Amino acid sequence: MSDDRAPRPLITRRSLLGAGAVGGLALLSKPSWAETMIDLPLPGGPGERSITTNFPEKGAMVLQRTRAPLLETPFDVFDQGVFTPNDRFYVRWHWPVIPVSVDAETFALKIGGHVNKQLSLSLKDLLKDFPRVELAAVNQCSGNSRGFFEPRVAGGEWANGAMGNALWAGVRLKDILDRARVKSGAVQVRFTGLDQALGAEAPRFVKSLDLDHARDGEVMIAYAMNGEQLPLLNGFPLRLVVPGWFSTYWIKMLDDIEVLDQPDTNFWMKTAYKIPDTPGADMKPGQTGVPMVPISKMVPRSFLTNRQSGDQVAAGAPLLVRGIAFGGDCGVERVDVSTDGGKTWLPTELGKDEGKYGFRQWQANLSPEPGKFSVMVRCTNENDLAQPGTANWNPGGYMRNVIESTDLVAA
Amino acid sequence: MPRCGLLAIVLLGVASMPPAALAEAPLELKSVTIELPFGDKVIPPGPGSDEVSRNCFFCHSAGMLLYQPAMPKSAWIKIIDKMIDVYKAPVAEADIPAIVNYLTGLEAAK
Numbered sequence: 001m002s003d004d005r006a007p008r009p010l011i012t013r014r015s016l017l018g019a020g021a022v023g024g025l026a027l028l029s030k031p032s033w034a035e036t037m038i039d040l041p042l043p044g045g046p047g048e049r050s051i052t053t054n055f056p057e058k059g060a061m062v063l064q065r066t067r068a069p070l071l072e073t074p075f076d077v078f079d080q081g082v083f084t085p086n087d088r089f090y091v092r093w094h095w096p097v098i099p100v101s102v103d104a105e106t107f108a109l110k111i112g113g114h115v116n117k118q119l120s121l122s123l124k125d126l127l128k129d130f131p132r133v134e135l136a137a138v139n140q141c142s143g144n145s146r147g148f149f150e151p152r153v154a155g156g157e158w159a160n161g162a163m164g165n166a167l168w169a170g171v172r173l174k175d176i177l178d179r180a181r182v183k184s185g186a187v188q189v190r191f192t193g194l195d196q197a198l199g200a201e202a203p204r205f206v207k208s209l210d211l212d213h214a215r216d217g218e219v220m221i222a223y224a225m226n227g228e229q230l231p232l233l234n235g236f237p238l239r240l241v242v243p244g245w246f247s248t249y250w251i252k253m254l255d256d257i258e259v260l261d262q263p264d265t266n267f268w269m270k271t272a273y274k275i276p277d278t279p280g281a282d283m284k285p286g287q288t289g290v291p292m293v294p295i296s297k298m299v300p301r302s303f304l305t306n307r308q309s310g311d312q313v314a315a316g317a318p319l320l321v322r323g324i325a326f327g328g329d330c331g332v333e334r335v336d337v338s339t340d341g342g343k344t345w346l347p348t349e350l351g352k353d354e355g356k357y358g359f360r361q362w363q364a365n366l367s368p369e370p371g372k373f374s375v376m377v378r379c380t381n382e383n384d385l386a387q388p389g390t391a392n393w394n395p396g397g398y399m400r401n402v403i404e405s406t407d408l409v410a411a
Numbered sequence: 001m002p003r004c005g006l007l008a009i010v011l012l013g014v015a016s017m018p019p020a021a022l023a024e025a026p027l028e029l030k031s032v033t034i035e036l037p038f039g040d041k042v043i044p045p046g047p048g049s050d051e052v053s054r055n056c057f058f059c060h061s062a063g064m065l066l067y068q069p070a071m072p073k074s075a076w077i078k079i080i081d082k083m084i085d086v087y088k089a090p091v092a093e094a095d096i097p098a099i100v101n102y103l104t105g106l107e108a109a110k
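One line per chain: the protein sequences are A and B, in this order. Quick note on my numbering: the first sequence kicks off at 1 and runs consecutively. Quick note on my numbering: the second sequence kicks off at 1 and runs consecutively.
These are calculated hints, taken from the structure and not from any lab test. Hints are not guaranteed to be accurate.
Stated by the list, open to error - List time: in silico DSS-like cross-link candidates among lysine-lysine, alpha-carbon distance up to 25 Å:
no. : chain 1 : residue 1 : chain 2 : residue 2
1   : A       : Lys284    : B       : Lys73
2   : B       : Lys88     : A       : Lys274
3   : B       : Lys78     : A       : Lys284
4   : A       : Lys274    : B       : Lys82
5   : B       : Lys30     : A       : Lys274
6   : B       : Lys78     : B       : Lys88
7   : B       : Lys73     : A       : Lys274
8   : B       : Lys82     : A       : Lys270
9   : B       : Lys78     : A       : Lys270
10  : A       : Lys128    : B       : Lys30
11  : A       : Lys124    : B       : Lys30
12  : B       : Lys88     : A       : Lys270
Since this is a predicted model, take the numbers as computed values, not measurements.
Required output: the full structure, derived from the provided sequences and hints.
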């Protein structure tokens, strides 16, 4: 509970060399890549990462993997507002075969399968022929914060920056499906993007939603993110937006929608992205016989963003603490803070509500006494689900949402 | 007027400004062409590093394995099996023991 989730900006190449951090060798051989490093406080390490500006349409990002790209949002970005800028929005691809060129004139979104009328829609069709809808929604990787799991698990070793909030604009998936006239007997809808697997035998990254979910009027096909077209690495030209659900369903570069008359049994639905079917997706390391289900709805989280663990603050003076929260699959009911290890909780003031699926800013004034103290932050969502006091564990490193704590010193 | 309170109001105001409110003009989607970095195949040299370099970096860059936590041999064997069985990685069978040993020792080498 006491470790800081916010990364500390570090270093120079000299300390890298001194520490013998192997992760830096690539950096050293390519000086143009980045001039700064960051130390993510992952238990047991390694936590050193470079900050890269080497990716198109992206600003400074934490480099988790070059190919296929895994780029994490530096945590200080979340203090700058509830909408994450497009050029700082995290990036996650499964396969490295990503089209590097998309022609906006010839691109087509195809709808087929168990429908009465197959469709092929251009971007202009989508912009002109369907009502435009807008929605603020958090997009969070299923494995956000995986690097904090103890014991550690394999995978993308993210800190807390594999998430972001954007104002998405596009068309309702329901409107598209209605235009195609779904046949009776349909059960699911499968989504495929332009990215390819490596080799014909390997499983392409595809995901499916139940038909009722796909037609709920909230799931949308976004052509804009924060008022602009999406960066290619975030899914230009179209991305599925599944409000309240983890990002694994938010297919990027969406170009194919197939209505299925049987449940999808492809690898990415049947085998991958499974969590324990237990409260909080929690189990014990080594535990066997735990029923596993596909990950789906997000759960509440909150973070302090204007202070980092180890910061010194003035004793006896008002201390403004603020941060962001989100409810998961519903809105934020309240955010509380504690400075006595969770014995007592104080309410915080919430910022403007931009929509129940988005980030919500919170803030509070504290009056710290001299000495060390920790600020714990707890979000309770509109379904009365609160963040837990102890961290969950599962072998995939999914769905972490433990109460975060930031250690400060007042002097 | 208390300065502290004013500051807080300003901060919340800035943070909650919806970005699209600034973009009233109709959206025009423009073609995009990018270049993606390939990544360096640099890993610490040692027994097995050649086998890792020639088998693992077809699918992903070196950071993927350099940033993994320390894991026992059994965990690395499972991961490599998954790469081959599920993701159809073209790994030479004769190279597998050297790859496993290299990855298992990687954390200690740091």
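Notebook entry, point to check: Where does the structure disagree with the numbered hints, that is, which hint numbers, in rising order?
Noted result: 5
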